[in-house]
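**Student:** Use these hints to put chain A onto chain Z, whose structure you have.
Here the protein sequences line up with chains Z and A, keeping their order.
According to the working numbering, the first sequence is numbered sequentially starting from 271.
According to the working numbering, the second sequence is numbered sequentially starting from -16.
Don't read these hints as lab results, they were simulated from the structure.
Ideal Cβ positions, reconstructed from N, Cα and C, are used throughout, including at glycine.
It is possible that part of the hints are untrue.
[Claimed, not checked] Partial selection, computed: residues in chain A whose CB lies under 8 Å from chain Z:
hint: 1; residue: Ser31
hint: 2; residue: Thr100
hint: 3; residue: Gly106
hint: 4; residue: Val107
hint: 5; residue: Phe108
hint: 6; residue: Asp109
hint: 7; residue: Asp111
hint: 8; residue: Ala116
hint: 9; residue: Lys127
hint: 10; residue: Ile128
hint: 11; residue: Gly129
hint: 12; residue: Leu132
hint: 13; residue: Ile238
Now for the letters of each chain:
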Amino acid sequence: MKKIALALALGISVFFAACETSDINPNDKNSVSLHFEHLVGTEAFMLNTKTFTNASGEDFTISTFNYFVSNIILKKSDGTELKFADKYFLVKESLAESKVITLTDVPAGDYTSVSFMVGVDSAKSVSDVAQRTGVLDPASYGTDNMYWSWNSGYIFFKMEGKSTKSTNAAKDYKFHIGGFGGMSAKTVNNLRTVTLSMADLAKVRKNIAPEVHLTVDARKVFKTSLKIAESNTIMSPTLGVAVANNYKDMFAVEHVHNDEM
Amino acid sequence: MKKKLGILLVLTLILWGCSKEKTTEPDAPMVLFEVPSTFPNTSYKMESNPITEDGFLLGKKIFFDGKLSRDGTISCAECHNQAYAFTHHGHAQSHGIDGQVGPRNGPALQNLAWQKTFFWDGGVFDLDLFSIAPIENPVEMDEKIGNVLEKLRNDQSYPPIFKKAFGTEEVTTERFLKSLSQFMLTLVSANSKYDQYKTGKANFSNDEKVGLTLFNEKGCGSCHPEPLFTDESFKSNGLPTDFFRNFVDFGRFRITELSDDKYKFKVPSLRNIEYTFPYMHDGRFSSLEDVLDHYADGGMADLENLDPIFKKNTKRGIALTSKEKSQIIAFLKTLTDEEFLKNKRFAP
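One chain only, chain Z, in its complex shape (with noise of 0.2 Å):
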């Protein structure tokens, strides 16, 4: 008895198992979606009231962080790549619909890593006024400017707000992070790429749309001992670089959601 019901139970999940694999049809198709959660260590975010403490020991607190997120990959197990081209988004922490990525048409598969840009590719950033709409268009920015007019370029990464231990009169830091290898001249090139393996994989099918959430860990940032006394204003690409290669590994998969609907 025992046996036959063991012969039952693996004959089943053979079954099963079978029709997972073959319960992928590549002609179906469904979103994924990028969830971004800003923390601060395991802390969550609070804008402006908040204060947080960096490796340093430093005290600070978060008025704005903004970045660009592009050149999106998702990778299949079997190495085949899907790339979002031309497709760009502006996260902020001040705009909670921005904090969700979502990447539609995606064909049925198992996704085992995802990757993207911090920031805006040189390609589009020499391109033509025609081709910076949405989030590129420099007119969409108000007094939360993610464009530099006197040196042609987007601000990829943009993090301020106050520090008891900054040493200028207002009390705050600033973090202006830009630079795409420049056009007239050969510049330095702040744009990172992030790679990031999904350890429960992001599983499409025609009735899951995998939602795979990031944790971004603004604490980051401040790694390697950028201290706010030393550098409470960061706009010049060159200084930028430190900033750059610490916030690339801000991002961290945490959990991927594959969830039937």
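**Tutor:** Structure of chain A alone, referenced to chain Z:
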């Protein structure tokens, strides 16, 4: 191609014929932009923004409109005055909103279609992207480009002109910037006495002739080559860096952050130079005599990137007698293009 042009001509003639009743004297069809026969190809991609009369007129209206500034007082034309080849006459450094002063002297706006970079440090590489800079600069117009577009949308006179120029009333960033470019691209100066001399339509005096020869033989022409009188490069001509008491302008270095670019500035065109005073990126020299004295009289600073051409003699600079200086100046004044400075087409 020629055939098509012929057909077009005939068509225009026919159309003229039709409209004769309304306008007694039809204007000659406006040639808004042409590459002068002596000029090289443009750097600007003309096909990305074909110049039309309506686009030009829209750009001109915008250029003269104070709405572009926060408090409505400062238009582009405020600092770029046609009579002085679109420079800020009477101001060594440009004065903007609330009387604030920026550190740089406004350059002439002319032959922009041949320019690869804009600003004294070349920070902007596309004319279409340029206008955002003065609009958003806190000491110039101190406005946000998004607000400017909103002001134009709410101004009854604008949407119909956008429709004429671009097909619909929509006021977009691209249309706004490209119409400004259309206006600026038409600012072509190529009809000075020098140009007429080159094409055999005018004569040079002896001093002017000698001046032109000296200009090239003494090396001025290596950085300021004919016919545009700039090679678009960034160079240091040894201006002492202590001109402002508490500010040092690093020039091109500000953009590239390469130590080789410290104190280098874009070689400016010398067209209409008689009218674009004061001179240099900070307007430190008020006359051409002062400029020539700077080049010839050993006042150059021994900056780390001072151009080697100025280090050939024991005295830094380019050796010139006072006679030679005045002959070079006589030649430089032949670069004045009266037609350009007075052309009513560029006036509001």
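**Student:** Are the hints correct? Go through all of them and say.
**Tutor:** Okay, the hints, checked on the actual structure:
no.	hint	verdict
1	Ser31	6 Å, holds
2	Thr100	5 Å, holds
3	Gly106	4 Å, holds
4	Val107	5 Å, holds
5	Phe108	4 Å, holds
6	Asp109	7 Å, holds
7	Asp111	5 Å, holds
8	Ala116	4 Å, holds
9	Lys127	6 Å, holds
10	Ile128	4 Å, holds
11	Gly129	4 Å, holds
12	Leu132	5 Å, holds
13	Ile238	5 Å, holds
Consistency note: the structure conflicts with none of the earlier hints.
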